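Sequence order for the protein chains is A and B.
Heads up, the first sequence is in the UniProt record's numbering, so the first residue is 1 and it goes up one at a time.
Heads up, the second sequence is in the UniProt record's numbering, so the first residue is 1 and it goes up one at a time.
Calculated from the structure, these hints are not laboratory results.
Don't take each hint at face value.
No copy labels: a pair is met if it fits in one copy or bridges any two.
[What the hints assert, rightly or not] Listed next, the in silico SDA-like pairs over lysine to any residue satisfying Cα-Cα at most 20 Å (straight line):
no.	residue 1	residue 2
1	Lys118	Asp56
2	Lys272	Glu34
3	Lys267	Ala252
4	Lys245	Glu34
5	Lys149	Gln79
These numbers come from a predicted model, not from an experiment.
There are 2 protein chains.
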Amino acid sequence: MVDVFFIERDPYAPIRHVYPVSQVLYQGKSQFQEIMVLESPFFGKVLVLDGVAQCDERFEYIYHEFMAHVPLYAHPNPQDVLIIGGGDGGVLREVLKHPEVKRAVLVDIDKEVIEVSKRFFPTMSVAFQDPRVLVLNEDGYKYIQDCEKEFDVIIVDSTDPVGFAHVLTTEEFFRYVYNALKDDGIYVGQTESLHYHIEIVRRVQKSLHKVFPIVDMYTAVIPGYAGYWWTMSVGSKVHDPREPKRPVSVQAKLYSEDMHRYAFLPKSFYQKVLSGEYNP
Amino acid sequence: MVDVFFIERDPYAPIRHVYPVSQVLYQGKSQFQEIMVLESPFFGKVLVLDGVAQCDERFEYIYHEFMAHVPLYAHPNPQDVLIIGGGDGGVLREVLKHPEVKRAVLVDIDKEVIEVSKRFFPTMSVAFQDPRVLVLNEDGYKYIQDCEKEFDVIIVDSTDPVGFAHVLTTEEFFRYVYNALKDDGIYVGQTESLHYHIEIVRRVQKSLHKVFPIVDMYTAVIPGYAGYWWTMSVGSKVHDPREPKRPVSVQAKLYSEDMHRYAFLPKSFYQKVLSGEYNP
Chain A
1 MVDVFFIERD PYAPIRHVYP VSQVLYQGKS QFQEIMVLES PFFGKVLVLD GVAQCDERFE
61 YIYHEFMAHV PLYAHPNPQD VLIIGGGDGG VLREVLKHPE VKRAVLVDID KEVIEVSKRF
121 FPTMSVAFQD PRVLVLNEDG YKYIQDCEKE FDVIIVDSTD PVGFAHVLTT EEFFRYVYNA
181 LKDDGIYVGQ TESLHYHIEI VRRVQKSLHK VFPIVDMYTA VIPGYAGYWW TMSVGSKVHD
241 PREPKRPVSV QAKLYSEDMH RYAFLPKSFY QKVLSGEYNP
Chain B
1 MVDVFFIERD PYAPIRHVYP VSQVLYQGKS QFQEIMVLES PFFGKVLVLD GVAQCDERFE
61 YIYHEFMAHV PLYAHPNPQD VLIIGGGDGG VLREVLKHPE VKRAVLVDID KEVIEVSKRF
121 FPTMSVAFQD PRVLVLNEDG YKYIQDCEKE FDVIIVDSTD PVGFAHVLTT EEFFRYVYNA
181 LKDDGIYVGQ TESLHYHIEI VRRVQKSLHK VFPIVDMYTA VIPGYAGYWW TMSVGSKVHD
241 PREPKRPVSV QAKLYSEDMH RYAFLPKSFY QKVLSGEYNP
């Protein structure tokens, strides 16, 4: 019988998730956050940062596939990819499935997250061994200021936009992202849920609209993230992100060519979200 | 400060939802189930049956709009509608927004749910006053056995298929539903989630395939239902449920003509769900 529970404390969610826990595998504190690894009977291992579940072995593929494959397939030839955050390695693993990728730079401020992932999540952290990868334990916000037209795709896989990750959703940051992208580059970032965080979604979208000529948004239903109907915001210089630019051949569980298109909301509803006509 | 919590006990979910509670407004026990009404700071009033949240004032529109408008718009002229379950009145309210509807029969075995809804959820239960409505407190499984080609649309808005609602997802029941539908009738039922309950989804779909010539499935993301990516299963005698048959003019928050089509999964992914190729 399971008697131990992990009660999530997500500062942005109006409810809490309670996970039955079979074992607490790791508890530590880095310079930046509390890190915990749990074993759950149903979800497998769960990575928890500052009390919020980030990913679990059972469902991590959903978030990671859609964060990586949508922008990479929206680009005709993604050779240079930057990931800010993503220390668990899940997005990196998916990015490296594209043979077009010659260089993947992962900038995560917290190297202990990477170490914990290498130790406890071998299926997620497998990509760190790839010779195309450069890992930097720096502040992504500072790192990007020195990049100019370097990347085809930039993916921001941060924690929730509260505390030290907040700056990664500001207009100022998006200007740095724009400059760091090549002339036909694409940005994607996780931008909270339509159900519980629509004001945040709107704020980020507004900031993106000030910087990028093409702005869009797609969704995936993430069971571990309270709010569930999760948004990924896109800024693009040239390419329409709704259309894959190459034949979709990647090995994925949920992502496919059809699911790429399906991930994008109907434009009529997307407009209602932006304008404020739709509010839950 | 909020110090009281409702900890859900959903027998079909691997996690529990915890709602901060500002007030417990009602606790009772009917012949069939425990009934509770909570007030939550974020969700408004929440209806809880046997420890499982059924609907809340903030998000109830999602489930109710999609349970009602998809089958009703998939039908060219829905005059006679049967709702089994749905004692809170939410689906009924949406059904009655269609001027084509001449008669709506609601059969809920538990009349105390209806009484509680009338008392605590005036915006959901408003439809019970409509002269087109006939409410019967009977066993829907028995009621439907005496119907023959009576209804254009049958909506089964039951609790989870455990305990006394289980029979409402069996092949035998679907044969009664088929007989109770007119020659171009459409059935819709709530059939759990893709994330946590895919075996149930598959079982129901298989039973439907034995009875109806056209079987399909659509989804909506329901925050209060653990599993979130909720499925509604469709059995149809003639009409393709993916296409609205009349101009969409209903006043709704999330449902629209575009969202009707969007609710249906790409066929390639739907096939993977059915075949078992997709498993979370």
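Comparing the hints with the structure gives:
| no. | hint | verdict |
| --- | --- | --- |
| 1 | Lys118 with Asp56 | within (14 Å within a copy, 42 Å between copies) |
| 2 | Lys272 with Glu34 | neither (38 Å within a copy, 39 Å between copies) |
| 3 | Lys267 with Ala252 | between (26 Å within a copy, 17 Å between copies) |
| 4 | Lys245 with Glu34 | neither (40 Å within a copy, 54 Å between copies) |
| 5 | Lys149 with Gln79 | within (12 Å within a copy, 61 Å between copies) |
Going through the hint list in order, the structure does not satisfy hints 2, 4.
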